[in-house]
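Work out the full structure, taking the sequences as your base and the hints as a guide.
Protein sequence lines, in the order shown, are assigned to chains A and B. Residue numbering for the first sequence follows this note's numbering, beginning at 652 and increasing consecutively. Residue numbering for the second sequence follows this note's numbering, beginning at 652 and increasing consecutively.
For the record, the hints were derived by calculation from the structure and aren't laboratory data. Incorrect hints may have been included.
Claimed, not checked - Under 7 Å between C-beta atoms, here's a sample of chain A residues computed to sit facing chain B:
hint, residue
1, Q890
2, M891
3, S904
In this text, all values refer to a predicted model and were calculated from it rather than measured experimentally. The C-beta atom is built at its ideal place from N, Cα and C for all residues, glycine as well.
If you want the building blocks of each chain, they are given just below.
Protein chains: 2
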Amino acid sequence: MNVDRIAELFGRDLKVINVGLEAFADNLVELGVEVQQVDWKPPAGGDTRILALFDRLAANASQDIDAANAEAVARIMQAKPTLIDIGVASDVVPGMHNKLVLHAGPPVAWQNMAGPLRGAVIGGLLYEGLAGDAAEAEELAASGEITFDPCHHHDAVGPMAGVVTASMPVWIVENRSFGNRAYCTLNEGLGKVLRYGAYSQEVIHRLKWMAAELAPVLQAALKRRGPIDMKNIIAQVLQMGDEGHNRNRAGTSLMIRELAPHLVMLEEPKEKLARVLTFMHENDHFFLNLTMPSCKSTIDPARDIEASSLIVAMARNGTEFGIQISGLGDRWFTGPAAVVDGLYLPGFSAADAARDIGDSVITETVGIGGFAMAAAPAIVKFVGATPQDAMTFTRRMYDITVAENDTYQIPAMDFRGTPTGIDLFKIVETGTLPAINTGIAHKDPGVGMVGAGLVKPPESCFTRAFEAFAERYGRCT
Amino acid sequence: MNVDRIAELFGRDLKVINVGLEAFADNLVELGVEVQQVDWKPPAGGDTRILALFDRLAANASQDIDAANAEAVARIMQAKPTLIDIGVASDVVPGMHNKLVLHAGPPVAWQNMAGPLRGAVIGGLLYEGLAGDAAEAEELAASGEITFDPCHHHDAVGPMAGVVTASMPVWIVENRSFGNRAYCTLNEGLGKVLRYGAYSQEVIHRLKWMAAELAPVLQAALKRRGPIDMKNIIAQVLQMGDEGHNRNRAGTSLMIRELAPHLVMLEEPKEKLARVLTFMHENDHFFLNLTMPSCKSTIDPARDIEASSLIVAMARNGTEFGIQISGLGDRWFTGPAAVVDGLYLPGFSAADAARDIGDSVITETVGIGGFAMAAAPAIVKFVGATPQDAMTFTRRMYDITVAENDTYQIPAMDFRGTPTGIDLFKIVETGTLPAINTGIAHKDPGVGMVGAGLVKPPESCFTRAFEAFAERYGRCT
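Right, here's the structure in full:
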């Protein structure tokens, strides 16, 4: 463009399209120029090292990666998570034994555990009768006699602290398309509960009742009812204002409907049946512990696909946030667990909050939870956002996923399928992080729930995973 | 504007705002002119006779009318519809007796009844044992021995044909703020059911079972449970994808949750309890017969307010659509019932459809149902529309209502209160008619449901009511 033409250009009435940095546009707007702002960030935040890794992968393996991710997400779509039974952890969870305590998130040693997880471990040991009081339990936990393992290493998931011990009852969800199973404890309710790190007599007493009465009654009702198609029920709850992570009122209601006609037929004292129905009725998070193993059983067949960059697990232990990548086996990539931005129960504030914790983010990994927030506008009051935020969260997630779900749909978005199958590449390229909504535990052991809110994973775990992926799949040019 | 200035005007680059008739704008657009179209229609469609009546009212009574409508809608907001009991119609419905058949809509003689209403009357007489077969029932109905009365004349409402006979069980909803009560039968399910005009053995048998087993069991469970705050539950279902008229899945689920823990405690054979729970579980319209009397009990205290132009009843008998106005007592203003624009069940088409029928439009009168369609995007598949249509329907209804509900809210519209309290004046002035979604019955007696869709009331009933209002409240100048 020669000088004359530039002069000519600026002689005209200009309409400007500004790409990227908004400051340029702001200046023009001040001068009365009509500007259309286009949001744009350089790929990978302009990090030349990461961009070089992209080049390395693009030159060598990109076709394989696309095909591998297509296969991974196809397996997610084909999944048929089906609730088949309830069992005792030591009987059904692979590798479970009396001295093993499962917990949420990536691996973490007792010494590094956050307050709520320590509290839940103490509670788990008290519950199993392995310790007589909290001090004994802490001593035992530190002694090396107890093994700690992530739930994810045993086909299980656990909300918040996610502690599972040998004699706890667990839901059994089978993916009927692939034959794999997933396990999760039964939900205890809100407030002072084990998964938020509480371990008082009241907490242990409730857990004992759940094992002695709740689980056997539900198991018998489920046996009469027959297997329940969880994919169908989750699809329905997204049409009923739930997103399956922090709002589960519709799901809990539908489960009660499914089980009540069979529950009433059991040869049990009616007081017992009433206690079971009342417990479910009074706990709208009852269904969370069913969406979680449903999602776990859905995504597990997408693991271990050569060259797939799909995220097959996101999980937090209260200290670290970790992810696993389909093409990178069982290796965890971690970063520090974040502080949750949320609303607090009366009497609590951000100063009381533990960091992000729990396996419940398995829901987001399969396209529900925070990824489906637009389906649950009522949830925004619970996590301190607006219905418009909910739409925005969901829309952004399409930028980092490889497919739109063929079963889980968002009515308010013209029944568009939820953003499903998180691609590590897309996160690193766009800098957009997965949207997660979550509960908040007290930072100290023994207290319990203090609030709920929105949280972002640490960017570092995705960068690390990407580097490992490039090392594994990108050859040097 | 002189000729020079006009010439100057047209010499410039014009940006045009076109108000009203779009054809003017279309021409300009073709010529490449930038046009902003503003939707506008002359008040009352430009009908000078109606406009003269507006003037007459404005000159004499407008202050009274605004205050009267404010009082009417305040009573709607203050309502506390509460489910208190189930009773037998002849015991509890005012004026009910053995030779009385209540029906939906405004008054209609046997000779003028539409097919589904005739079918339901036949079924009602068979159910009461007043006739041995359909022919006998028709003869009896025509004999003059049976009295026919609108449900609305007996504090009751009935979906579709709305037939209530003496021995049928009815829900009793009390408005705890005003002490008035409303009644409605229990919902039979979909398909071949009395309210859609079916009267086969299967239909009568089901009704007998409902009276002998369903109603007494639910009554006993409700007695143990205690009164249920229906306003609270309806507010919740609007957050769960129901609109309370054609979608009631959340409401039905919540009712099952409320009652199941008490139902299981009854001293009854468990098979009986299982039948009751299964019946509710298999019928997602179960809750419709609870929203209806809740809405009826809500709006009845807004009746008979001097100078109020609020619509206190809309109802159809399959032949006519009728409305009642607060300031005009019990007088009905009617027009021909319309054909429903909808989707049909397999094997049926528009040729099979009866005209618009039922008292269920009481829901729209109180700001839910079609007025809250934006809360129930999933319903659009059922009535043949899009989620965007649902938003549009709700938005338009703000033009013809006097308030936004302080309890019933639409999550997808930033928790805006539903459009509540339909003002006759606003309908006549804007030409905007209430949005109603509804089921479709077969036009012949004895068949049942054939589809569901959207329908508009006839404009004439509003014009007639307006004329009567002007005659009553507007003095000649």
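Against the structure, the hints come out as follows:
1. With a cut of 7 Å, the hint placing Q890(A) at the interface with chain B holds, because the nearest CB-to-CB distance is about 4 Å.
2. Given the 7 Å rule on beta carbons, the hint for M891(A) holds: about 4 Å separates it from the nearest Cβ of chain B.
3. Contact between S904(A) and chain B, as hinted, is supported at the beta carbon level, the nearest pair being about 4 Å apart and thus within 7 Å.
In the structure shown, no violation is registered for any of the earlier numbered hints.
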